[in-house]
Structures are given as C-alpha cells and as structure tokens.
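Novice: Just so you know, the sequences run in chain order V and G. To convert, note that position 105 of the first sequence is 105 in the working numbering; the numbers rise steadily by one, no gaps. To convert, note that position 95 of the second sequence is 1095 in the working numbering; the numbers rise steadily by one, no gaps.
Heads up, a few of these hints could be off.
Stated by the list, open to error - Between beta-carbon pairs, the in silico distance windows are:
#, chain 1, residue 1, chain 2, residue 2, range
1, G, P1039, V, D7, 14 to 24 Å
2, V, R60, G, S1095, 23 to 33 Å
3, V, N22, G, Q1017, 34 to 44 Å
4, G, Q1072, V, K111, 35 to 45 Å
5, V, T27, G, N1065, 26 to 36 Å
6, G, A1056, V, R80, 37 to 47 Å
7, V, G16, G, M1019, 40 to 50 Å
8, G, T1113, V, L75, 32 to 42 Å
9, V, K69, G, A1056, 25 to 35 Å
10, V, R41, G, Q1072, 18 to 28 Å
11, V, E15, G, K1057, 41 to 51 Å
Because the hints were derived from the structure by calculation, they are not lab data. Note that the structure is predicted; figures quoted are calculated from it, not measured. We treat Cβ as the ideally placed atom computed from N, Cα and C, and that holds for glycine.
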Amino acid sequence: SQQGEEDPQALSIQEGENATMNCSYKTSINNLQWYRQNSGRGLVHLILIRSNEREKHSGRLRVTLDTSKKSSSLLITASRAADTASYFCATDFNNAGNMLTFGGGTRLMVKP
Amino acid sequence: NAGVTQTPKFRVLKTGQSMTLLCAQDMNHEYMYWYRQDPGMGLRLIHYSVGEGTTAKGEVPDGYNVSRLKKQNFLLGLESAAPSQTSVYFCASSSPGGASNTEAFFGQGTRLTVV
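This is chain V alone, in the form it adopts within the complex (with noise of 0.2 Å):
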C-alpha cells in the first residue's frame, strides 16, 4: 500500500474561497514534499517541508507538519481557476532519502 494518503479525494470550491488539503502517512519521514499535477501533464513540486519544521510558506500556499499524528496538510489561500488540478503528497518510504512514494492525491476543482 501507499506510504501516503490524501484527504480528501476530490474537492471543488469557487474562486477565492481557501482550499485545505491533507495528507496522512504512515512511516517516519525525513521530509514530506508537495506536487501539484495538471491534467495530462507531469508533476511540478511545490513545496518541501522538513521533519523538523511545523509550518512552512510559500506564496498561497502553506503547509503544516505533524509527526505525531504523521500527517500534513496543504493550505491554497485565495484560490484561482488557474489552481485546478491534483495535488499529492509524497514522502520517503524508507527514510533512507532514496525512494519518494506518492499518495492517491486530491483533485482540486476552483469554478470561476
């Protein structure tokens, strides 16, 4: 099975409204990334948070870190059509470094 799951599966919002993400996990991790992936098209990353970070920035986006509870989750603030698309998370399965795993992903809908 996959080392992460997302939550939810699919979410559609209007534009400008927030969108929130989250991501589960089942090993200990040295970081845990997020992509985002337009349709028909490869994965761009987004963001990298770090095993030893709870909070992290960038742009709309911010992202929250728990290893207690191994989860995260992905914040779009003030969303835009332009911001459909599925998003993943993925981490190390082995926490060696070596071997990204990718979960399910959220397909994210923002109607204009």
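Since chain V is already given, all that's left is putting chain G on it; use the hints.
Specialist: Showing chain G alone in chain V's frame:
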C-alpha cells in the same frame, strides 16, 4: 535546458510484445525514478536508481526491468507486455541528497496501451 525527457510519448503494444521506455535528464542528477499512474490513483514507484550502474525495486516492480548504464539515462523495459501494464509512466530525477531532501523533476509522461 530540457530537464527530464521521456521517449516515446505514446505507444500501443500488443500483449506479449516488448519495449523500452527511455528517460533522459540533463541536470546531472544522481537519483532517477520510474512511476506508473493509473486512472484515479496516485503514482506508484516501479524502480529507482541512486546512481550510475545501480538500480533498486520500488513498490510495484514485477513485470519491469531497468538499467542505468549512463548517469543521464534510465531505461524501463517491459519484456512481455500485459494489459495490466496499460498506464501512464512517469520518469523523475533529483539532485544528490536523495529525493526526500530535494525536489524531484518529472518528465511529461508516456501513455502506454497494451491490447
């Protein structure tokens, strides 16, 4: 700077045929990965490599083989294609330090259909 390039972009195979997918990166990355993505699912790691001449199994390695003869290339082979291998295949690479420490760069994917 091309980044990660996958060849081919599309392919249709008959059951039992073989083929090789090529991934090339021009960023001097040590780590390279092959994933498959099925409809409605995330990416599942097939095989990965931590350096030239080394490969390792990922989550779903059965039915696939890989080779990393040159640092910039990572080949994924299907010796006898099966319909269950119909999927979109993505290659990725990352810089020294491991994928969990630095971002991974992805190719645009290869859409493979096995009939």
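Novice: Hint by hint, where does the structure go against what was stated? Just the numbers, ascending.
Specialist: Going through the list in order, the structure violates no hint and respects every one.
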